[in-house]
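Below are the chains, spelled out letter by letter.
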Amino acid sequence: MQVSVQAEPFDLGALSNDFAARASGAGAIVTFCGLVRDNGGSLAAMEIEHYPGMTEKAIAAMVDQAITRWALVDALVVHRYGRLAGAEAIMMVATAARHRADAFAAAEFLMDYLKSRAPFWKKELSADAAEWVAATQADEAALKRW
Amino acid sequence: MQVSVQAEPFDLGALSNDFAARASGAGAIVTFCGLVRDNGGSLAAMEIEHYPGMTEKAIAAMVDQAITRWALVDALVVHRYGRLAGAEAIMMVATAARHRADAFAAAEFLMDYLKSRAPFWKKELSADAAEWVAATQADEAALKRW
Amino acid sequence: MIDVLYFAWVRERIGLPRERLETTAATVMDLIIELRARAEHYAWAFEDITSLRVALDQELSSFDAPLAGVREIAFFPPMTGG
Amino acid sequence: MIDVLYFAWVRERIGLPRERLETTAATVMDLIIELRARAEHYAWAFEDITSLRVALDQELSSFDAPLAGVREIAFFPPMTGG
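Protein chains in written order, with our numbering: chain A, -17 to 128; chain B, -17 to 128; chain C, 113 to 194; chain D, 113 to 194.
By construction, these hints were calculated from the structure, which means they are not laboratory data.
Some clues are possibly wrong.
Heads up, incomplete: computed chain A residues facing chain C, CB under 7 Å, no partners named [as the list claims (entries may be wrong)]: (1) A100; (2) A124; (3) R127.
Partial list, computed: chain B residues near chain D (C-beta under 8 Å) [to be verified]: (4) G16; (5) M36; (6) K39; (7) W114; (8) V115; (9) Q119.
Not close to chain B: a few residues of chain D, all C-beta gaps over 10 Å, as computed [unchecked claim]: (10) V116; (11) L117; (12) R123; (13) L128; (14) T135; (15) A138; (16) E146; (17) R148; (18) A151; (19) Y154; (20) E159; (21) F175; (22) A177; (23) V182; (24) A186; (25) M191.
Glycine included, every Cβ here is placed at the ideal spot set by N, Cα and C.
With these hints in hand, go ahead and build the complete structure from the sequences.
Written out as structure tokens, the structure is:
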């Protein structure tokens, strides 16, 4: 298991390759990467706040649960906080399993839990406004399938 | 759209980074990578046969369908053929969408279709045997959900 | 003594990220009622608890949870990670 | 004249990857019946058509499809890509 909560940018490609190389016995690797969206031309910036201490513990607990439930070979979560520019990578998840269905399900489970149960709060910054991102009904509802 | 059917190895990390950099406006990138599984200690090798001409057309049609159905920003499929050693990457899929649910669904759709509708045939090679991989009921059944 | 932490717009409304309080509140809800009475901006931060979440010693909890033995309590809006 | 292609264990049983045939078969199934009658190893390759798939001019098709105008036909087991 690898969990990192960090201000620094990360390299999706390098982490994906390292993860795949370590995942001995796996037949399937799934990665997810979340990016700051370009909202119609003007790249938005984002400020991400988190709860140091709780964040790492909450993520480690989710990853433990995913590893057990889908018999994962390995799992990784990297999540940034602080100020991010438009199109920058916010976070990534990687899962390794023998079969693809488990790798996909575990990655989606981790994403749903990170969205609504890891203590991060996003603020979208545009040229003339700053607004906290509201949690959505859809994100909360997504947890119900697990 | 990027589709490549090739004998040469590919670099999951480099392709993931290039794909993410090009996916302007996307908020979610999903990648899947299939590896030759290590079957209990002795790394298996694999020989993959394909149907040149039909393979590229069949994959392009699947990718077109995925892009339309999930309004993808972009999608990529790379699939190798020929002789692969244990733990080598067989293929990868990448999808880019505004939201994670679309990127995940499209990647799973492409995997299910590649498994059962792209003209590839795998032969597993061990020290003393060579055996064509049999298509499974589960893989055929997986198509029904789309 | 209990450490009280505020995040996101809860922190912005209250105007500070954390404070150390003396309280006899038995539950999270009792503490919220105490805090609301302190000043206008506290009342504003805690006006609608359905839009708040609470963690006790860094574990998500509920508003009726007891505070006995708790060293750190955090108030924040629903999380928006990922 | 039609190009007939074989893949995977169909190719191995028949012993060649492709051949060019003169046929008057009206449908895929008619061609299979012709091929079965050619030699023992053809009969073996085509013994159970439920374990076979067919493509006409590189599009998946069915055993009752007509062959009129088809330039290339391919027989192979269910695919195992991905």
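Hints and how they fare:
| no. | hint | result |
| --- | --- | --- |
| 1 | A100 | holds, 4 Å |
| 2 | A124 | violated, 10 Å |
| 3 | R127 | violated, 16 Å |
| 4 | G16 | holds, 6 Å |
| 5 | M36 | holds, 4 Å |
| 6 | K39 | holds, 6 Å |
| 7 | W114 | holds, 5 Å |
| 8 | V115 | holds, 5 Å |
| 9 | Q119 | violated, 11 Å |
| 10 | V116 | holds, 13 Å |
| 11 | L117 | violated, 7 Å |
| 12 | R123 | violated, 8 Å |
| 13 | L128 | holds, 14 Å |
| 14 | T135 | holds, 21 Å |
| 15 | A138 | holds, 23 Å |
| 16 | E146 | holds, 22 Å |
| 17 | R148 | holds, 21 Å |
| 18 | A151 | holds, 22 Å |
| 19 | Y154 | holds, 19 Å |
| 20 | E159 | holds, 16 Å |
| 21 | F175 | holds, 17 Å |
| 22 | A177 | holds, 16 Å |
| 23 | V182 | holds, 14 Å |
| 24 | A186 | violated, 6 Å |
| 25 | M191 | violated, 6 Å |
Violated hints for the displayed structure, listed by number in ascending order: 2, 3, 9, 11, 12, 24 and 25.
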